[in-house]
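Participant: Listed below, chain by chain, are the residues.
Protein chains: 2
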Amino acid sequence: MQRLEVTLAERSYPILIGPGLLGSRELLAAHAASAQLLVVTDQTVARLWLPRLEEGLAGREFARCVIPDGEEQKTLETAMGVIDALVAAHVHRDGMILALGGGVVGDVAGFAAASYQRGIGFIQLPTTLLAQVDSSVGGKTGVNHPGGKNLIGAFHQPRAVIADTDTLSTLPDRELRAGFAEVVKAALVADAAFFAWLEAHAGAVLAREPEALAHAIRRACEIKAAIVARDEREQGPRALLNLGHTFGHAIEAGAGYGRVLHGEAVATGLVLAAEFSARSGRLPAAEAARVRALILRAGLPADPPRIGRARMQELMGMDKKVAGGRLRLVLLDAIGGAAATADYPEDALGALLEERMGT
Amino acid sequence: MQRLEVTLAERSYPILIGPGLLGSRELLAAHAASAQLLVVTDQTVARLWLPRLEEGLAGREFARCVIPDGEEQKTLETAMGVIDALVAAHVHRDGMILALGGGVVGDVAGFAAASYQRGIGFIQLPTTLLAQVDSSVGGKTGVNHPGGKNLIGAFHQPRAVIADTDTLSTLPDRELRAGFAEVVKAALVADAAFFAWLEAHAGAVLAREPEALAHAIRRACEIKAAIVARDEREQGPRALLNLGHTFGHAIEAGAGYGRVLHGEAVATGLVLAAEFSARSGRLPAAEAARVRALILRAGLPADPPRIGRARMQELMGMDKKVAGGRLRLVLLDAIGGAAATADYPEDALGALLEERMGT
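If you read the sequences in order, they're chains A and B. Positions in the first sequence are counted from 1; adding 32 to them yields this note's numbering. Positions in the second sequence are counted from 1; adding 32 to them yields this note's numbering.
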């Protein structure tokens, strides 16, 4: 087992990574010490991994709340269903939620934990690569609103992140690749050497070779933990972790939610961010080519659906990273060096989007 | 204008108290500096005081969200209506809510501000005595759930509290008295001299004599601000501010929401807490008698509705201040000295409730 720390004063917490963790009674006794537990998971993960967690919780009482599968469940209604389960189980302020699943389960259960009795503890038990390397770390919780993604939510840090790497054995290939996109993002934002390592080891990671996978997860978590420790509430450097996401969210919305996985849209967004960085003179063209090549090598989409430049820009304008009316983008000055800026040539952006997506 | 400070590191904010503040352009320009504002208020306050706020915002654009009047509006649906208004107005992360009204408006609008885009700024513009002395200060926001009061919410500090004392001129007497109960509570928790001052000046405060009213508001806010500064998230001393509230919440629920005002239920709760403190040997009986006398002098109910001991205890058991299965109560060791404890004679509590409320 590897152990990292997210350092946030009294809200600090560990990230534990390794095989067999869900079934460890000592680990769960140490971190989920509350007498009142609610396990939140989805139908697929309940079938595959709840039995393992039940081993880890053997002899302890806990309530369950199983939500349906899918991104379209990331709604206020689902979060309120979790709160109803907390009320029904008479969970007190010192009770705790265990969120067993991917990003949707973690985001929804985390928001329920943030909002129940003005905040109770929760533990992330991520079971997808995307959740293990990105969404379970850093305390962003929330649900979608018909007007946009993640419009309702809270910053609420978990008490621990326990990433049992065994759970990746049942993850579909497509979801593994989608999670890989967030690993690439972490490298692009902060660590050129890690990007080079990914170029050399993408095949091993995607073949689920345990050592390669463990290294990728650990390094991505380290990068995220360091940035979150500097800027918990995304007032500054944490915004860099949105590299590719302004494009990505618009692609998700434009394609229709559920057609494209979040990680796939981010992959395409990373390529667009790199290529636009090259066009606007920030990044050598050869570096942008490396980004495209790695995304393609991972079996991820480098090019966006042809929903048209106009629609794409409209969807990007609705993005909440707009500040004072001017859209800020995260762009690359180097592989391993990102910057959030509103200083870029808008015409060149329009031209690039038109080339890639039609008018 | 008087100015106090709630000291919470980077979340510190001022409390401004005085006449004419809502109409002050400079004050609103200084504290509500965002280019995107949503004013949230209720129908009655919109009619009485929105015109004054519009003077203060003259020349600036802002959106409005007017909710119906009444405690029964303190629901998730109402909060989501505020979020819908934020989405419709395309409010960004640097936008801000102005909450103009009493406790319900502040709690609902504050929870919407806490949850929109994981937290935007808001300013409390309290227009009732209860909100000016208690609910607008300290960052407790939230809504009721069918299973209990305030079960859904967040700690989210306002950027400022601007209490225009002119607004109290239109407050019904019954609501003025209800707010007075929270002033008495503040004195009981922390300041015997202030309690004695209230004994001497209750008549002047309730006759709305400006100097007496201003002193009562200021001192209650100072007490609350000092406690919140020590314990923002109610892990320790802040729980003392719940004096009378465990009884009070149960009385509100038992009487049927809306039949008894929150402040009226708290007034009765303060008397019960004092008299139970006396019965269990913590507080001299003469001190409990002073509490009852002041509550009665203020025209507030000293005795609870006769809903029966059994029902009352059931309702108290559902209260979220239960920890580890044992109900903690805030009791008095002196006027001006409260303690949260689970160490009290349960039989004596049952006997007192039976005397006052029937079996």
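Please note that the accuracy of each hint is not assured.
Unchecked claim - Label-pair distances were calculated between CB atoms; the ranges are:
1. A:Asp375 / B:Glu103: 46 to 54 Å
2. A:Pro204 / B:Glu346: 46 to 54 Å
3. B:Thr39 / A:Arg291: 31 to 39 Å
4. B:Ala120 / A:Leu328: 56 to 64 Å
5. B:Thr202 / A:Arg265: 36 to 44 Å
6. A:Pro204 / B:Gly102: 33 to 41 Å
Since the hints were derived computationally from the structure, they do not count as laboratory data. Backbone N, C-alpha and C fix where the C-beta goes; we use that ideal spot for every residue, glycine too.
Participant: Could you work out which earlier hints the structure fails to respect and list their numbers in ascending sequence?
Facilitator: Hints 3, 4, 6 contradicted; others consistent.
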